[in-house]
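Colleague: Spelled out from the first residue to the last, the chains are:
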Amino acid sequence: MAIIEMNNLWKEYGDQVVLERLNAEVQEGEFVTLVGASGCGKTTFLKMLLGTESPTRGELLLDGAPIPDQPDETRGIVFQRYSVLPHLSALENVMLADELHRHKLIGRAFGGKRKALKDAAMAMLESVGLTQAAGKFPHELSGGMQQRLAIAQALMKRPRILLLDEPFGALDPGIRRDMHHLVLDLWREQGLTIFMVTHDLAEGFYLGTRLWVFDKTRLDPQAPGAYGARITYDLPVGDCDKGTLTAIQEQADATARTMA
Amino acid sequence: MAIIEMNNLWKEYGDQVVLERLNAEVQEGEFVTLVGASGCGKTTFLKMLLGTESPTRGELLLDGAPIPDQPDETRGIVFQRYSVLPHLSALENVMLADELHRHKLIGRAFGGKRKALKDAAMAMLESVGLTQAAGKFPHELSGGMQQRLAIAQALMKRPRILLLDEPFGALDPGIRRDMHHLVLDLWREQGLTIFMVTHDLAEGFYLGTRLWVFDKTRLDPQAPGAYGARITYDLPVGDCDKGTLTAIQEQADATARTMA
Amino acid sequence: QAQARDSFKVCWSIYVGWLPWDYGAAEGIVDKWADKYDIDIEVVQINDYIESINQYTAGQFDGCTMTNMDALTIPAAGGVDSTALIVGDFSNGNDGIVLKDADNLEAIKGRRVNLVELSVSHYLLARALDSVGLSERDITVVNTADADLVSAFNTSDVTALATWNPLLGTIKESPEANLVFDSSSIPGEIIDLMVVNTDTLKANPALGKALTGAWYEIMGHLDDSGFRQHLANVAATDLDGLRMQLDATRLFDQAEEAVAFTNSPALKDTMQKVAEFSFDHGLLGEGAPDAGFVGVATPAGVYGNSGNIKLRFDPTYMTMAAEGEL
Amino acid sequence: MKKLINRQPGRVATWALGLLPFALLLVVYLLASDARLEANPNDKLLPAFSAMGDAIQRMAFEPSKRSGEYLLWADTLASLTRLAIGVGISALMGLVFGIVTGTLPYARAGLSPLITGLSLVPPMAILPILFILFGLGELAKVMLIIIGITPFLIRDLQQRAREIPAEQVIKMQTLGANTWQIILRLVWPQIMPRLISAVRLSLGSAWLFLIAAEAIAATEGLGYRIFLVRRYLSMDVILPYVLWITLLAFAIDFLLARYSRWRYPWFHGSH
Amino acid sequence: MKKLINRQPGRVATWALGLLPFALLLVVYLLASDARLEANPNDKLLPAFSAMGDAIQRMAFEPSKRSGEYLLWADTLASLTRLAIGVGISALMGLVFGIVTGTLPYARAGLSPLITGLSLVPPMAILPILFILFGLGELAKVMLIIIGITPFLIRDLQQRAREIPAEQVIKMQTLGANTWQIILRLVWPQIMPRLISAVRLSLGSAWLFLIAAEAIAATEGLGYRIFLVRRYLSMDVILPYVLWITLLAFAIDFLLARYSRWRYPWFHGSH
Ligand SMILES: Nc1ncnc2c1ncn2[C@@H]1O[C@H](COP(=O)(O)OP(=O)(O)OP(=O)(O)O)[C@@H](O)[C@H]1O
Ligand SMILES: Nc1ncnc2c1ncn2[C@@H]1O[C@H](COP(=O)(O)OP(=O)(O)OP(=O)(O)O)[C@@H](O)[C@H]1O
Ligand SMILES: [Mg+2]
Ligand SMILES: [Mg+2]
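The listed protein sequences correspond, in order, to chains A, G, D, E and Y.
For the first sequence, my numbering assigns the number 1 to the initial residue and increments by one for each residue that follows.
For the second sequence, my numbering assigns the number 261 to the initial residue and increments by one for each residue that follows.
For the third sequence, my numbering assigns the number 521 to the initial residue and increments by one for each residue that follows.
For the fourth sequence, my numbering assigns the number 847 to the initial residue and increments by one for each residue that follows.
For the fifth sequence, my numbering assigns the number 1118 to the initial residue and increments by one for each residue that follows.
Bound-form chain A, shown alone (with noise of 0.2 Å):
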């Protein structure tokens, strides 16, 4: 069965249509990539994966049920900012998930528990490179610091999606592509699904197992709210030609132009 089913789903503020008809499947383990111009709704896409925001039509389903209503542990999430909590050191960032388990009442771990948990930190703060930064407050720590560090403080609770909203847009080329490679990794070491935000098309195409471009099919300039994005583009990566991207690449300029 899909992990993921979206039955004719729709995506309205007030007047304004942002998503409409999204029809598809998702199944477990796929690497889900999503391009579309600025404000045609990827961000309230993974909202509504995340149970922050509900669709105003149809279904959105996750193993068949639909999606709870409220974020949990089954989707992790890392923002483009503000995804680490600032008032803990990496460590405890990364430890946090484990206490909240072990100690409903207190969310703290004292004494043996708390070395056991913070050994699987350290492991994990290794796993993405950190070791060195254990210690460090999140300001402390440079943007590409923070969303690694934001990574793996999500991959502690071993959500079954992990969703990511241009995770990588604030960071430098090069320390763009170290992510990449990261994410890659623990992608099939841990057997996730992922959703991941992205401006940039290449990197959508390099990192997916599956694009999917949002875009406006009808656009009406002077009202752009009057119509939704839909999914326009679902192309399992590899089956494309320069043409295409191409194709994709204007597309999604021309309704940014419009929207802008």
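No lab work stands behind these hints: they were computed from the structure.
Glycine is no exception: its CB is placed at the ideal position from the N, C-alpha and C atoms.
Every clue listed holds true.
With a straight-line Cα cutoff of 30 Å, these simulated DSSO-like cross-link-like pairs (lysine-lysine) come out:
| hint | chain 1 | residue 1 | chain 2 | residue 2 |
| --- | --- | --- | --- | --- |
| 1 | Y | 1119 | G | 307 |
| 2 | Y | 1120 | G | 417 |
| 3 | A | 113 | E | 849 |
| 4 | G | 396 | G | 378 |
| 5 | E | 848 | A | 104 |
| 6 | A | 47 | E | 848 |
| 7 | A | 104 | E | 849 |
| 8 | Y | 1120 | G | 364 |
Here are a few chain A residues that face chain G, going by a calculated C-beta distance under 8 Å:
| hint | residue |
| --- | --- |
| 9 | 37 |
| 10 | 38 |
| 11 | 199 |
Chain A is already provided as a structure; the job is to place chains G, D, E and Y with the ligands on it using the hints.
Modeller: For chains G, D, E and Y with the ligands alone, kept in the frame of chain A given last:
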């Protein structure tokens, strides 16, 4: 004579050497693009050109004389953010330079004079494609429109040098390409000298007549601040092959990783 | 309706006629008398005079020190049946009116007079104006907080004021100050009392006995230097300052004197004047049809509405003290 | 079942929940008042609503016997005038000194320590000195408000002026502006909406100082009336007056917020 | 020549400029005091420094005749204790209600209007009721502080709690946290440094309320002493006391700021 000349220019913050031994000449009308890893001193260099930071050692000359130590009308600037004044409408933002010039005391024009200034400003707004948005406040404009407005505002003063610090970093790829055309058109028309920082090597190549790569030639991983960045490549555009590009990219990535 | 109890709270505020209560509390005299009648009495100092009366009126205290006028206008007019248990003294120069640039009272005409509105100073002013054929219409009353009167006098805005000691004494020290009228011209009209709740007193005569007994024992120390030094310290002044205040106060250090004063028919006349003043200024409440709306019982007879007696001058306990029966 | 943190009450529930504590307060008052009036029908501390109604009728709609004025309105006018003058002058001083110290490093070095020092002095403790400086008339009352809130306003606006992004100050200079023009066309207009926020924040203190000032020496005003009738514990007048002050404070705050949104859309749009 | 806006004074100039106005104030005081003492050697309003020195000697270093205590220290201890208790309780209530109303929409709907309403009531106007509710003991003295500053603290912290990025609340939920854990591990620790800022902002008012409360009912304390000697216009005592209060206020503010930097480096690092 060169418009800008650097002789053994150093910039340090306390112990930290940011830039060291810069030597170069720039002729009037050149379009210099600056690339380099994050934190390697590109913004700092622009600040010295602007006059908000002064060199620690060496000379930075404008028309052969030390560059003024505070911002003035010879050098216009567009930042990545905060570049237009939020409390003025688009039209007022563009009129501002003329108003300040006409009325030293109140910095405002009225009546017939205002009408004349307004016409000039509307013409400039048209040339950046913002006629429709003249009455809007910046917060009602998209990121791309704000940056177009910032460029229009800066150009009203007809500066000899235009400094651009990642002006398109936050924009959609499509919008960004439109802005490229705009900047190139204006540069050609007005005979500007432009220094533009970018993260995007391709953008740097596409726009500039000359590309500078800032990088640290010596690098101590234990003390990233011990040595400063230099201009490691100074390429007239056109004069480069695929190998150079890759070399630049890889070198910059390595620096970024060490510094992150 | 009040229950018999064995612990009580009374409050006092910092005024020369009531300072001895602090001596009594500090030296254990009040405790001694309370023990004698098997009760507890807590003596509480409250700096804000009005707040102390308000708290008494609201039932937070069983007794409180106050003047005859305030006893009438606050607790009595508020329906709290109150008894003047101890008539401690009357003001004999402790309250006065001061003018700048003039040494006769008539010159007050047309001035703005700073005073605590609706207080005994206001009453004193009314009586003073009366004595020279003026009325309140000839002046403007400016309500001024007592704590600020002294410093207010230093400003040129203030050219006339009425107040009490120790403020009056401090103000008189200024070379500009001319005392043009004081309470020695209306002796016996501004009376300082220890007032207790009538119902509580009825249910607990021990409270009356203990307080009265303690008071007259304290009075016995009047000429001790320790006593005077204590009072001066509490009032944050020195012995001279205290003597000045005591001299302007007609303290009844003998219970007999207090009993005689209370029994005299003059008290009833005084209370009538006070009630009429209060009524004119709306102090008896909006429901009051006339000055006699709140009845005042004195040994010489009842003034006003005998169906609504809320203030009682009762010499019983002072008489017991005078006769040594406590 | 959603977590409590994710549950949003609807429109009706929001209103109902918001009104509930007020209703509860009212009931508690009624019960307490009834109990006291039972024990002493003349009790003044917690008067019945009918008594307060009478007092309102008397203060607001019948001319006073002594002066022929409608006391509530005369008091309100007097107090609001003082408040307006006091807050107005404070706002002006806050604006001028806030901008000057926030914009010019030299002015900040000279004035900041003094302002910090002054802001820590409790004004009520130095009344005698204030009296000689400013007398005891209207000026003094207004002055207490000014002394009470101006240091806060200056410090807040200085902070806000410093928060204007350096990029914009630089931008002004590249457009040819001198220091005066930067103040006039950049700092001042951007500070205005922040001045309104700061004034809103300080209005609570301004009311306190006004009431305190009117308690010191006055012949009319809301604070004067409250302290006057406190002399005979007329809670039937005090409570409606307090309610009225609360309403006025609320209305002023609301109007300022509205004005700011209307006048400075760019400020609220981007925040 | 740089524009004024671009000119930074050096270290020495900063100090000199900062001290200058204080020196000027001192000179003005000396001149005014001399002039008054010339006219009337007994003048009490602006005492000479020698007189203040005597008063300090008397209050701080000689035992009082009434109680054998060193008055200044006894007063300071009493006032600081009250201030600490009052501000402590207010901070606690601000923390609890600020977090609860800032985090839980239902609690906010129920309590926010009430708190807004209460924050607008001037406490000095309902003193009689407050004293009845809380008596006249130590509790009443700190009560005035609590009533005076708690609504501000609650509203400020509610605001701060709401400003915690939604991303972090969501992140906590994806890590398996329930509402209670979100409060305990996210909101509470992040609010703490903001509580310190809010307390620093409200300390001025807290001092005012303390001084007012001590003037009404107390037998020791800095405010009580000022109240007591004000009747004799003993400015030789009042002025040193005011200076002392100012110094204490400054020291407390400084210590809180230092503590916050030391304890919450992540807060100050990222702001
Ligand atoms: N809470 C909301 N209320 C109303 N409109 C909203 C809300 N959230 C998003 N929108 C609108 O929905 C549209 C889609 O927004 P969304 O953030 O999903 O775009 P996006 O594709 O993620 O854009 P970007 O690439 O810039 O992040 C936008 O037009 C936005 O204005
Ligand atoms: N005012 C300052 N004081 C101390 N160090 C500074 C200051 N400004 C910048 N630096 C340091 O100088 C170095 C260069 O900073 P700069 O902002 O010029 O880098 P950049 O190349 O523009 O980076 P980016 O691509 O991220 O914008 C950084 O290490 C930075 O920490
Ligand atoms: Mg998005
Ligand atoms: Mg930069």
